[in-house]
Amino acid sequence: MELDSLYQEVILDHYKKPHNKGLPVGEIQVHHVNPNCGDEITLSLSIKDGVVEDLIWDGVGCSISQASASIMSDLVNGKSVAQAGVALREFTELMQSKGNISGDEEVLEDAIALAGVSKFPARVKCALLSWMAFKDAAIQNGAEI
Amino acid sequence: MELDSLYQEVILDHYKKPHNKGLPVGEIQVHHVNPNCGDEITLSLSIKDGVVEDLIWDGVGCSISQASASIMSDLVNGKSVAQAGVALREFTELMQSKGNISGDEEVLEDAIALAGVSKFPARVKCALLSWMAFKDAAIQNGAEI
Amino acid sequence: MNPPFDVAAIKSDFPIFEEKMRGGKRLVFLDSGATSQKPWAVINAERDFYTKHNAAVHRGSYYLAEQASAAYEGARQSVADFLSVDSDEVIFTKSATEGLNLLATSFERSAGQLGIRAGDEIVVSELEHHANLLPWQQLAKRTGAVLKWFSMNLDGSLDLTNIDEVITEKTKVVAITHQSNVLGSVPDLPPIIAAAHAVGARFVLDACQSIPHMPVDVRAMGVDFLTFSGHKAAGPTGIGVVWGRAELLNQMEPYLYGGSMIESVTMTDSTWAAIPRRFEAGVPNMAQAVGLEAALKYLSNIGLPNIHSWEMTLTEYALRGLQEIEGVRVLGPQSMQARGGVISFVVDGLHPHDVGQVMDQYGVAVRTGHHCAWPLIRKLGVVGTTRASFYLYNDLSDVDVLLESVIGARDYFRKR
Amino acid sequence: MNPPFDVAAIKSDFPIFEEKMRGGKRLVFLDSGATSQKPWAVINAERDFYTKHNAAVHRGSYYLAEQASAAYEGARQSVADFLSVDSDEVIFTKSATEGLNLLATSFERSAGQLGIRAGDEIVVSELEHHANLLPWQQLAKRTGAVLKWFSMNLDGSLDLTNIDEVITEKTKVVAITHQSNVLGSVPDLPPIIAAAHAVGARFVLDACQSIPHMPVDVRAMGVDFLTFSGHKAAGPTGIGVVWGRAELLNQMEPYLYGGSMIESVTMTDSTWAAIPRRFEAGVPNMAQAVGLEAALKYLSNIGLPNIHSWEMTLTEYALRGLQEIEGVRVLGPQSMQARGGVISFVVDGLHPHDVGQVMDQYGVAVRTGHHCAWPLIRKLGVVGTTRASFYLYNDLSDVDVLLESVIGARDYFRKR
Ligand SMILES: Cc1ncc(COP(=O)(O)O)c(C=O)c1O
Ligand SMILES: Cc1ncc(COP(=O)(O)O)c(C=O)c1O
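Residue numbers (this note's numbering), protein chains in the order written: chain A, 1 to 145; chain B, 146 to 290; chain C, 291 to 706; chain D, 707 to 1122.
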């Protein structure tokens, strides 16, 4: 069933048990909303010696947006800004691919499970919400990403 | 030629030598504009013992609007308000008839020459402009018309 | 449960039902609350305008311009006939949204009694679609007027217990929906309209969810203004209607400024044409007006009472079905009392987006989310809902697929 | 005088040319300055949207909603490509008139540098169509800003001798047409744009009469905002475009309030979505956006430089012909310098309405009157003009009939 390509096991796992979800505590917090559907995310992080640390997020939304936030938080926490930037760009490209690329597992790790989202245009924004919040927070923390 | 039914001889005569055209002098003056084409008319009259008198008008506009004003001024000057009202209603009906009625010459006199206008919907407002100004002025002079 | 008209024949008037959805499924369109589908009659009316009569209205005295003007003004007359009002009172807009903004801004600009000034009060309700909340909310902010509102009860009705506090001597405008686009609930308007008029306030009806679906007697209701969108009434996109009482519209200031709405213009000053032209600046959406005319004639031929009764049949069948599904909770009115053909529900533990996504696999088109009514959604204490809305082309088998797909959605996530 | 494309083939793309005018005459359509005719490509694009993809955009995650969103956003991208700008900068309106009102009102509501306040100055010109005069005139009245303008010379150019007095440190916005819709004259904009930018003012281009007819490089011109109507560009009625520089639009307040333009909403407060959505409240004119896309693709396929050069050929032929008719006076530019495909003229002793009426008997569609530009008409010292305007579907024989009909009009009244 086409649906299973969207709702991969990994996604539902992250949805049911999201990682790094809790009250964002950093000084700089960003709040992003998907006005179409009302999905919301709040996120904080810090950047020490060019490394992303302490990324914590909270939010409400569909399985895709929640799983994507959880996966993203695992992926970028502890990575250098440069590495996180590569993942961010690769993930964005994957989402906009309309199902034409499958993503580099080396770079994206669990996030390649979200590849199926790109075939459902209305859900792409759900998957990207947390990544955009991450990007925004990194920039506000002075990173060039 | 269909055009000749619009531009009757009588109309062109009135257009070239308009009657009762001059500087409106009465106390109550009305000014009407056809916003579509910019045709304008200023008109004054007085009503004494239920009779329309001293109708004078001035204006700019196409042959139809000018001829109609001239014909109307001949027709209502000196008539009772009641008679003028009958002519006004009959003329309005004639204009809205889309060429289906030809008008009562007893009531409308020269104005039946304008019957052809009703086949040219865009020109109906030209023909009606002065009549509406007359109506307005009569009402402002206290007439029930 | 026999339909009062031949639903299969109706369906075949709407070409979109020949399209295949994901996985080759047939289209079960249950999102008419957002926008309706269009019959050939409407599509062909627009085409005929373009192929036979197209010219700028009111601006030329040549043959085609006469044809175009006759078509456009004929459309206005048809809308007026449909509403049983005078054609001068019918203003074409691009949408209900524009219509409500037009009214709010025109009140702001108008002089005297109709004007809205600091300290005046404007009343809406928690049921409102953003289109009937934001123009008033922002008008209040700009002018210093005060925005007040009726609260919603959890059954989707309005709490009128404090009506005397909500509508006061200071109230200038009361703007309320005829039917909630989220819950389908129909608020009890007569006491509100009476209270508004008792204090000299104007009542604006957001008729987006009613005009397409049921007979509405605007004169009998006693509303002062009304607005709806063509695209929800089987008509084209890009057309809406404002109706207002002539004696009020005549005193109101224009919304859009430009060509065809003037009486005279100098560089420094202008005067306005009579209604309705005063409110229709520029070359209008002529083809769309003609398309809307075709839509309203199409609906009238079938009969609004018939359409409404069939929608009620569908709604009742769906409501019962949904209420029986374990794990599904219907929001708002639980009975057929004071409701229209719109049902919102949630599935335990599932986000509406995920529910809608599975339903899509069944060919079912429903809307999910906040439905442009955030205050109402917050009041319900949910993140969003899944909403099914019905129209004349739906049949009982559409409802069967709806129910099947909701169960499918519930089970899809349960078993994983 | 050979056309750069097959005009007969083009004509056959436009179904209206099969219609018969009064007296069975063929249509000689010379009123494209008011509205253009539509090719099948446009009519069919709208039909295809309704029959295959119709659903509310941005509001559903079902298959049809995806299709509709892709069609609508694809149309936006096509407009952006046509203008060589970013798609976020493209806002769909219902018309240029709405676009100009949107800009004026948005300036009024915006904070800081972009806001318009008492004492600020707004600059227009005597060439303007009411749509680019009244929104600014009324904005000035509402805010206490001062409206200033460039005078028109009798040849249809603008008098720039006092440019330093017209554009000053107080100027906030300069809004001028790319081409006069009455005279066809093209004002000398570069010095005006430079002067506007030198004092930090924004330049708004009314591109209604240029975008459909010639290549326009908005980035190279350095304008800040631009607007045009679809219906004059072979597109549907009910659609227009505002383009604006993103960094400015991002700071500006919305015009219409309602669904789909918000970020979050409570009963008392709201925040706005990013551009372009911030400026597009409500279910948009989706089918019309798709129709406009088809129109712009149609024009691009033929090539805007080709269209322009052919219009110039037609205009030169018509201009010479009219200038040679005794009793006819062409107004505005007498040469091909700085002009587009629009010619206004008067016939001695005749009112334009009467001239147009006779021309109509020849099947010729021209506009007569003040062309929604009363200040310009007054400046010319006439009661109105007869205007012929050309487009890609016109050919030299259309011009021949034009000239014949003008002579016919002159003689009809002379001999009686
Ligand atoms: C120069 C100019 N500006 C603005 C407009 C207004 O366009 P619309 O009526 O399509 O809104 C027109 C045409 O009517 C025009 O020619
Ligand atoms: C109750 C209600 N009011 C207003 C609107 C706005 O209508 P539109 O988006 O067509 O302008 C809608 C639909 O979106 C609605 O359901």
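In case anyone wonders, no lab produced these hints; they're calculated from the structure.
As the structure is a computational prediction, the values presented were derived from the model and not from experiment.
Ideal Cβ placement from N, Cα and C applies to all residues, glycine included.
Any given hint could turn out to be false.
[To be verified] Listing some non-contacts, in silico: residues in chain A with all C-beta distances to chain D over 12 Å:
hint: 1; residue: Leu12
hint: 2; residue: Gly22
hint: 3; residue: Leu23
hint: 4; residue: His32
hint: 5; residue: Val33
hint: 6; residue: Glu40
hint: 7; residue: Lys48
hint: 8; residue: Asp58
hint: 9; residue: Lys98
hint: 10; residue: Ala122
hint: 11; residue: Arg123
hint: 12; residue: Gln140
hint: 13; residue: Glu144
[What the hints assert, rightly or not] Lysine-lysine pairs mimicking PhoX-like chemistry, simulated, CA-CA at most 25 Å apart:
hint: 14; chain 1: D; residue 1: Lys854; chain 2: C; residue 2: Lys315
hint: 15; chain 1: C; residue 1: Lys342; chain 2: D; residue 2: Lys731
hint: 16; chain 1: D; residue 1: Lys758; chain 2: C; residue 2: Lys587
hint: 17; chain 1: C; residue 1: Lys301; chain 2: A; residue 2: Lys17
hint: 18; chain 1: D; residue 1: Lys726; chain 2: C; residue 2: Lys342
hint: 19; chain 1: C; residue 1: Lys315; chain 2: A; residue 2: Lys119
hint: 20; chain 1: B; residue 1: Lys161; chain 2: D; residue 2: Lys847
hint: 21; chain 1: C; residue 1: Lys342; chain 2: D; residue 2: Lys1003
hint: 22; chain 1: A; residue 1: Lys98; chain 2: D; residue 2: Lys758
hint: 23; chain 1: B; residue 1: Lys243; chain 2: D; residue 2: Lys1121
hint: 24; chain 1: D; residue 1: Lys717; chain 2: C; residue 2: Lys342
hint: 25; chain 1: C; residue 1: Lys301; chain 2: B; residue 2: Lys264
hint: 26; chain 1: B; residue 1: Lys264; chain 2: D; residue 2: Lys1003
hint: 27; chain 1: D; residue 1: Lys726; chain 2: C; residue 2: Lys301
hint: 28; chain 1: B; residue 1: Lys243; chain 2: D; residue 2: Lys726
hint: 29; chain 1: C; residue 1: Lys587; chain 2: A; residue 2: Lys119
hint: 30; chain 1: A; residue 1: Lys119; chain 2: D; residue 2: Lys726
hint: 31; chain 1: C; residue 1: Lys315; chain 2: A; residue 2: Lys98
hint: 32; chain 1: D; residue 1: Lys726; chain 2: B; residue 2: Lys264
hint: 33; chain 1: D; residue 1: Lys1121; chain 2: B; residue 2: Lys162
hint: 34; chain 1: C; residue 1: Lys705; chain 2: A; residue 2: Lys98
hint: 35; chain 1: D; residue 1: Lys876; chain 2: B; residue 2: Lys264
hint: 36; chain 1: C; residue 1: Lys705; chain 2: A; residue 2: Lys119
hint: 37; chain 1: C; residue 1: Lys705; chain 2: A; residue 2: Lys16
hint: 38; chain 1: C; residue 1: Lys310; chain 2: D; residue 2: Lys731
Right, here's what the structure says about each hint:
Its beta-carbon lying about 18 Å from the closest one in chain D, Leu12/A satisfies the requirement of being farther than 12 Å from that chain. For Gly22/A, the requirement that its beta carbon stay farther than 12 Å from each beta carbon of chain D is met, with the minimum near 23 Å. Distance check on Leu23/A: its Cβ is at least 20 Å (rounded) from any Cβ of chain D, clearing the 12 Å threshold; non-interface status holds. For His32/A, the condition that its CB be more than 12 Å from all CB atoms of chain D is violated, with the nearest at approximately 9 Å.
Distance check on Val33/A: its Cβ comes as close as 5 Å (rounded) to a Cβ of chain D, failing to clear the 12 Å threshold; non-interface status is violated. The beta carbon of Glu40/A is not kept farther than 12 Å from every beta carbon of chain D, the shortest such distance being approximately 9 Å. In this structure Lys48/A is separated from chain D by more than 12 Å, as the shortest Cβ-Cβ distance comes to about 31 Å. Asp58/A, annotated as away from the interface, keeps every beta carbon of chain D farther than 12 Å; the closest lies near 16 Å.
Not every CB of chain D lies more than 12 Å from the CB of Lys98/A, the least distance being 10 Å, so the non-interface label is violated. Distance check on Ala122/A: its Cβ comes as close as 4 Å (rounded) to a Cβ of chain D, failing to clear the 12 Å threshold; non-interface status is violated. Here Arg123/A does not stay apart from chain D, with its beta-carbon only about 6 Å from theirs, under the 12 Å limit. Every CB of chain D is more than 12 Å from the CB of Gln140/A (nearest about 17 Å), matching its label as outside the interface.
Separation of Glu144/A from chain D is adequate, the least Cβ-Cβ distance of about 20 Å exceeding the 12 Å criterion. Restraint check for Lys854/D and Lys315/C: not satisfied, since their Cα atoms lie roughly 62 Å apart, outside the 25 Å limit. Restraint check for Lys342/C and Lys731/D: satisfied, since their Cα atoms lie roughly 14 Å apart, inside the 25 Å limit. The straight-line distance between the Cα atoms of Lys758/D and Lys587/C is roughly 23 Å, inside the 25 Å bound, and the hint therefore holds.
For the proposed pair Lys301/C and Lys17/A, the alpha carbon gap of about 45 Å is over 25 Å, so the pair is violated. Only pairs whose Cα atoms come within 25 Å are accepted, and Lys726/D paired with Lys342/C is accepted, the gap being roughly 9 Å. A distance of roughly 17 Å separates the Cα atoms of Lys315/C and Lys119/A; the hinted pair therefore holds under the 25 Å criterion. Between Lys161/B and Lys847/D the CA atoms are separated by roughly 43 Å; this puts the pair beyond 25 Å, and the hint is violated.
The hinted pair formed by Lys342/C and Lys1003/D meets the criterion: a straight-line CA distance of about 23 Å does not exceed 25 Å. For the proposed pair Lys98/A and Lys758/D, the alpha carbon gap of about 20 Å is at most 25 Å, so the pair holds. A C-alpha spacing of about 28 Å is found between Lys243/B and Lys1121/D, which places the hinted pair above 25 Å, so the restraint is violated. At roughly 14 Å between alpha-carbon atoms, Lys717/D and Lys342/C fall within 25 Å of each other, so this suggested pair holds.
For the proposed pair Lys301/C and Lys264/B, the alpha carbon gap of about 42 Å is over 25 Å, so the pair is violated. Taking the CA atoms of Lys264/B and Lys1003/D, the gap is about 40 Å. The hint is violated against a cut of 25 Å. Taking the CA atoms of Lys726/D and Lys301/C, the gap is near 36 Å; set against the 25 Å cutoff, the hint is violated. For a cut-off of 25 Å, the pair hint linking Lys243/B to Lys726/D stands: about 20 Å separates their Cα positions.
Note on Lys587/C and Lys119/A: the hinted pairing is violated, with a Cα-Cα distance of about 40 Å set against a maximum of 25 Å. Between Lys119/A and Lys726/D, the direct Cα distance comes to roughly 50 Å. Violation of the 25 Å bound is thereby established for this hinted pair. A hinted pair counts as satisfied when its Cα atoms are at most 25 Å apart, and Lys315/C with Lys98/A qualifies at roughly 21 Å. At most 25 Å may separate the alpha-carbon atoms for a hinted pair to count; Lys726/D and Lys264/B meet this at roughly 17 Å.
Taking the CA atoms of Lys1121/D and Lys162/B, the gap is about 16 Å. The hint holds against a cut of 25 Å. Distance check on the hinted pair: Lys705/C and Lys98/A sit about 28 Å apart at the alpha-carbon level, beyond 25 Å; violated. Under the criterion of a C-alpha separation no larger than 25 Å, the hint pairing Lys876/D with Lys264/B is inconsistent with the structure, at around 54 Å. As the CA atoms of Lys705/C and Lys119/A are separated by approximately 24 Å, the hinted pair is consistent with the 25 Å bound.
Distance hint between Lys705/C and Lys16/A is fulfilled; the C-alpha atoms sit about 13 Å from each other, no more than 25 Å. A C-alpha spacing of about 46 Å is found between Lys310/C and Lys731/D, which places the hinted pair above 25 Å, so the restraint is violated.
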